[in-house]
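> Sequence:
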Amino acid sequence: MSSVHTLSSLSKPLPAAPSSPAPAPATQPRLHLYPITTDHASSVFKDIQAGPHRTVMPSFSNPYEERQYRKEHLALVFRALHRQGLGEGVAGHCSTRDPVEPNTFWVNPQGRSFARMRVSDLVRVNEDGEVVEGDRPVDASATSIHAPIYKARGRGYGQVGGSESGVEAVVHVHGPHSKAFSALGRQLDRINQDVCAFDGTTVLVPFGGVVVDSLEGQRIGSHLKPDTKVALLQNHGALCLGRLSIDEAAWWQISYEMCCRAQLLVDAASHRSSGPAGVDLPQGVIRVGDEECEGTKQELGTAEMGWFSMGPYIEDEIWESKGDHLL
1 MSSVHTLSSL SKPLPAAPSS PAPAPATQPR LHLYPITTDH ASSVFKDIQA
51 GPHRTVMPSF SNPYEERQYR KEHLALVFRA LHRQGLGEGV AGHCSTRDPV
101 EPNTFWVNPQ GRSFARMRVS DLVRVNEDGE VVEGDRPVDA SATSIHAPIY
151 KARGRGYGQV GGSESGVEAV VHVHGPHSKA FSALGRQLDR INQDVCAFDG
201 TTVLVPFGGV VVDSLEGQRI GSHLKPDTKV ALLQNHGALC LGRLSIDEAA
251 WWQISYEMCC RAQLLVDAAS HRSSGPAGVD LPQGVIRVGD EECEGTKQEL
301 GTAEMGWFSM GPYIEDEIWE SKGDHLL
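Residue numbers for the sequence shown follow our numbering, beginning at 1 and rising by one.
These are computed hints drawn from the structure, not numbers from a lab.
Idealized CB from N, CA, C, for every residue including glycine.
Take these hints with a grain of salt, some might be off.
Subject to a maximum C-alpha distance of 30 Å in a straight line, what follows is the list of computed DSSO-like cross-link-like pairs (lysine-lysine) [said to hold, decoys possible]:
{"#": "1", "residue 1": "K179", "residue 2": "K151"}
{"#": "2", "residue 1": "K151", "residue 2": "K297"}
{"#": "3", "residue 1": "K297", "residue 2": "K46"}
{"#": "4", "residue 1": "K179", "residue 2": "K225"}
{"#": "5", "residue 1": "K179", "residue 2": "K297"}
{"#": "6", "residue 1": "K225", "residue 2": "K151"}
{"#": "7", "residue 1": "K297", "residue 2": "K225"}
The calculated label-pair distances, taken between Cβ atoms and stated as ranges, are [said to hold, decoys possible]:
{"#": "8", "residue 1": "S270", "residue 2": "W319", "range": "37 to 43 Å"}
{"#": "9", "residue 1": "D227", "residue 2": "W319", "range": "30 to 36 Å"}
{"#": "10", "residue 1": "V212", "residue 2": "L33", "range": "34 to 40 Å"}
With the sequences and hints as input, model every part of the structure.
Structure follows, in structure tokens:
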């Protein structure tokens, strides 16, 4: 029998509608990644947001609750960095200070895929570089770099006993564009608004070989300034610091990587040869002015804005993970 429908068969009357409409599906409350408030004065974002609500920073009832939050976000940061193409073999390490025992920090085990990182994978290390919790090996570069920085800088911004120069998180990966740019021996030029967030807060650190002991970590730390966001390790890559959170440090890494990419594109398009930042820019390349740069830095370069900017990436990984990162 033919499967072709005739016009008459398609013209048959439709079945009668049900006497009462089917109930609408229950509306589920929407999860807000960011805490919100109607008290505008309590929000550091009050001037950049509109409407009755404002984003506020998260608060915690006790240090153990904050520990869980930090570990969850650290696991999500690894997944986000992988999605950005910033995972490379067994290289790279990210950490966040432990709020329960602040002289220790949580870091990834060596060899664990960034894309599969879970809370249970994380290893706790003290400021002497010794593993105090966890049953996986840790990259010696991680303990050699992170431990001296945490020990020397102390608690970060907004913490009890903390300071503007303190550190709460460290991110180091081998991004392709920051790694390429690190070979040029110069700072980024002020060629777009995003790079303004790093103006005056990036230091160059000469290459000293593979980091395997605390002396090399201390040498790197000696180049850091109180307001350093990024240490560009020459012939190596970027090391990013968070004064407030792992989210902030991760955002500086992602944003700096994108700024390096933009710089390399502009250099190629303008046929620029290597030289100090801001000196003899090729004809046609427009540099952001000093006043405009400082104003932009005040908007985009705060620790809170770093935390906030990482939010969409964290949200993506929560969705993609389906809870796997919590295991």
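> Now tell me, hint by hint, if it's right for this structure.
Evaluated hints:
Restraint check: the Cα-Cα separation between K179 and K151 comes to about 27 Å, which is no more than 30 Å; the hinted pair holds. Restraint check for K151 and K297: satisfied, since their Cα atoms lie roughly 28 Å apart, inside the 30 Å limit. Pair hint K297 plus K46 holds up; C-alpha atoms about 17 Å apart against a cutoff of 30 Å. Distance check on the hinted pair: K179 and K225 sit about 21 Å apart at the alpha-carbon level, within 30 Å; holds.
Only pairs whose Cα atoms come within 30 Å are accepted, and K179 paired with K297 is accepted, the gap being roughly 24 Å. Proximity of K225 to K151 is assessed by CA-CA distance (about 15 Å); at most 30 Å being required, the pair is judged to hold. Of the pairs offered as hints, the one joining K297 and K225 holds, with about 17 Å between alpha carbons and a cut-off of 30 Å not exceeded. The given range of 37 to 43 Å is respected by S270 and W319, whose C-beta atoms sit roughly 40 Å from each other.
Range check, D227 to W319: about 34 Å between beta-carbon atoms, so the 30 to 36 Å window is met. For the pair V212 and L33, the supplied restraint of 34 to 40 Å holds, since their beta-carbon distance comes to about 38 Å.
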